[in-house]
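S.K.: Take a look at the letters that make up each chain.
Protein chains: 2
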Amino acid sequence: MSEIETRNLIVEAATKFFSRYGFRKTTMDEIARHIHKAKGVLYYYFKSKEELFNEVLKQELNHVKAELSKITGSHEDSLAILKKYILTRLKLLSTAVNYHETIKADFFEKYDFVKDVRDDFARFEHIQLTHIMVKGKKEGYLDIRNIETNVNITLMLLNSIEIPLFLQNKFAEFEDTLKELATMVLNSLQKKRNV
Amino acid sequence: MSEIETRNLIVEAATKFFSRYGFRKTTMDEIARHIHKAKGVLYYYFKSKEELFNEVLKQELNHVKAELSKITGSHEDSLAILKKYILTRLKLLSTAVNYHETIKADFFEKYDFVKDVRDDFARFEHIQLTHIMVKGKKEGYLDIRNIETNVNITLMLLNSIEIPLFLQNKFAEFEDTLKELATMVLNSLQKKRNV
DNA sequence: AACTGACCAAAAAACTTTTTTGGTCAAATA
DNA sequence: TATTTGACCAAAAAAGTTTTTTGGTCAGTT
Chain Z
26 MSEIETRNLI VEAATKFFSR YGFRKTTMDE IARHIHKAKG VLYYYFKSKE
76 ELFNEVLKQE LNHVKAELSK ITGSHEDSLA ILKKYILTRL KLLSTAVNYH
126 ETIKADFFEK YDFVKDVRDD FARFEHIQLT HIMVKGKKEG YLDIRNIETN
176 VNITLMLLNS IEIPLFLQNK FAEFEDTLKE LATMVLNSLQ KKRNV
Chain L
26 MSEIETRNLI VEAATKFFSR YGFRKTTMDE IARHIHKAKG VLYYYFKSKE
76 ELFNEVLKQE LNHVKAELSK ITGSHEDSLA ILKKYILTRL KLLSTAVNYH
126 ETIKADFFEK YDFVKDVRDD FARFEHIQLT HIMVKGKKEG YLDIRNIETN
176 VNITLMLLNS IEIPLFLQNK FAEFEDTLKE LATMVLNSLQ KKRNV
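Chains as they are written, first to last, in this note's numbering: chain Z, 26 to 220; chain L, 26 to 220.
Honestly, I wouldn't trust all of these hints.
[What the hints assert, rightly or not] With a Cα cut of at most 25 Å, we get these calculated PhoX-like pairs of lysine-lysine:
id	chain 1	residue 1	chain 2	residue 2
1	Z	Lys135	L	Lys195
2	L	Lys135	Z	Lys50
3	Z	Lys216	Z	Lys129
[Stated by the list, open to error] Chain L is nowhere near these chain Z residues, computed Cβ spacing over 10 Å in every case:
id	residue
4	Ile29
5	Thr31
6	Tyr46
7	Gly47
8	Ala63
9	Asn87
10	Thr97
11	Asp102
12	Ala121
13	Glu134
Treat the hints as calculated values from the structure; they're not laboratory data.
Just so you know, even glycine gets a beta-carbon here, dropped at the ideal spot from N, CA and C.
Please build the complete structure, drawing on both the sequences and the hints.
M.R.: Structure below.
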């Protein structure tokens, strides 16, 4: 079996178990058994359990990044893009259970080993939102003096509501409200003239 | 010693210990010793440790409520009131450590016994914000179609950011940004004419 | 009415034993 | 040479046990 195939099988199986049981409750042995291999082979492809989890998380977030990139790159106007971005981001992340685990860990043990992947995602989002807002300003839709500040506040809000939504399972309860939330964020950035 | 005096002494001492060590690590005996009384006397005034903590939390939140009421009742225009309300709310709650403990508990054990006090505070805030927004609409400052929805979103945001701010100790880091956040919320509700 | 101090059951903490698990590696396979 | 294996080990987690602490009670005192 080719190296890449086995590696993929491992990540696939790991994704299954990590998603269902979480990092701690998943054992390397059960991942190996699931693909009918000896446990040792996992260590041929991955340095440690932490690195394997890292890879799973990375792929989970890569999927989100790919979808969000599509939105940012589309040819709609920046208002529509921003609204779609916010709603899609929340929708996609709501199913990213390994990502949820890492934010939950912020209150407990801390998963230091996922810092790089999470930082990468944070940087990605910063770039995307900056891009959208610069575009919006150019097009005259958005009334933003300090783009950096507005990007940071928007990201802070988006990150903050993840906790009630994903960790306290209020996503279903708030799903409709989220549209209003997005509208509110748009509203706060939109170019208008004071009455 | 009069009944009310002793009761106050107990609550005062309890506040001290609960604030420093939290609900679980504080013992009824040390509270009693601190006021040079036998432990049994605590149970003359309070049904249980939980009820005593409840009283401490209640007073903590009553202080916040009192300050916020002053703001809501002031004679400034509704935009200024709303901005002050948001900033003061966050500032005051940032020092309410027993309140922090109860939101932290949402991720762990759950302190069911504080539900009433917290619900009461939530209702209070709902009323205050509704009042401010109704006033703002009447005065023509705010452009709000559905007040109920806007109140709920604003509260959801305020509640959400408590977690990074208070539990992950990012209050100092974000303190300056909060002003911008308040401005952003105001902006989203303010009456303007689309360009 | 307000308070005490001895008392108890239950829970938490501390300690011990047992089991599981992450990780290694020499040898086997391909 | 590139993969894979299975036995192996130290360390950690889990399970089990003992000891200590603590919330709560109550008969009796002030």
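S.K.: Next step is simple, just say for each hint if it's right about the structure.
M.R.: To see whether the hints hold, each was checked on the structure:
no.: 1; hint: Z:Lys135 x L:Lys195; in the structure: 16 Å, holds
no.: 2; hint: L:Lys135 x Z:Lys50; in the structure: 23 Å, holds
no.: 3; hint: Z:Lys216 x Z:Lys129; in the structure: 37 Å, violated
no.: 4; hint: Ile29; in the structure: 39 Å, holds
no.: 5; hint: Thr31; in the structure: 38 Å, holds
no.: 6; hint: Tyr46; in the structure: 19 Å, holds
no.: 7; hint: Gly47; in the structure: 15 Å, holds
no.: 8; hint: Ala63; in the structure: 38 Å, holds
no.: 9; hint: Asn87; in the structure: 25 Å, holds
no.: 10; hint: Thr97; in the structure: 21 Å, holds
no.: 11; hint: Asp102; in the structure: 14 Å, holds
no.: 12; hint: Ala121; in the structure: 18 Å, holds
no.: 13; hint: Glu134; in the structure: 13 Å, holds
Violated hints amount to a single one, hint 3; each of the other numbered hints is respected by the structure.
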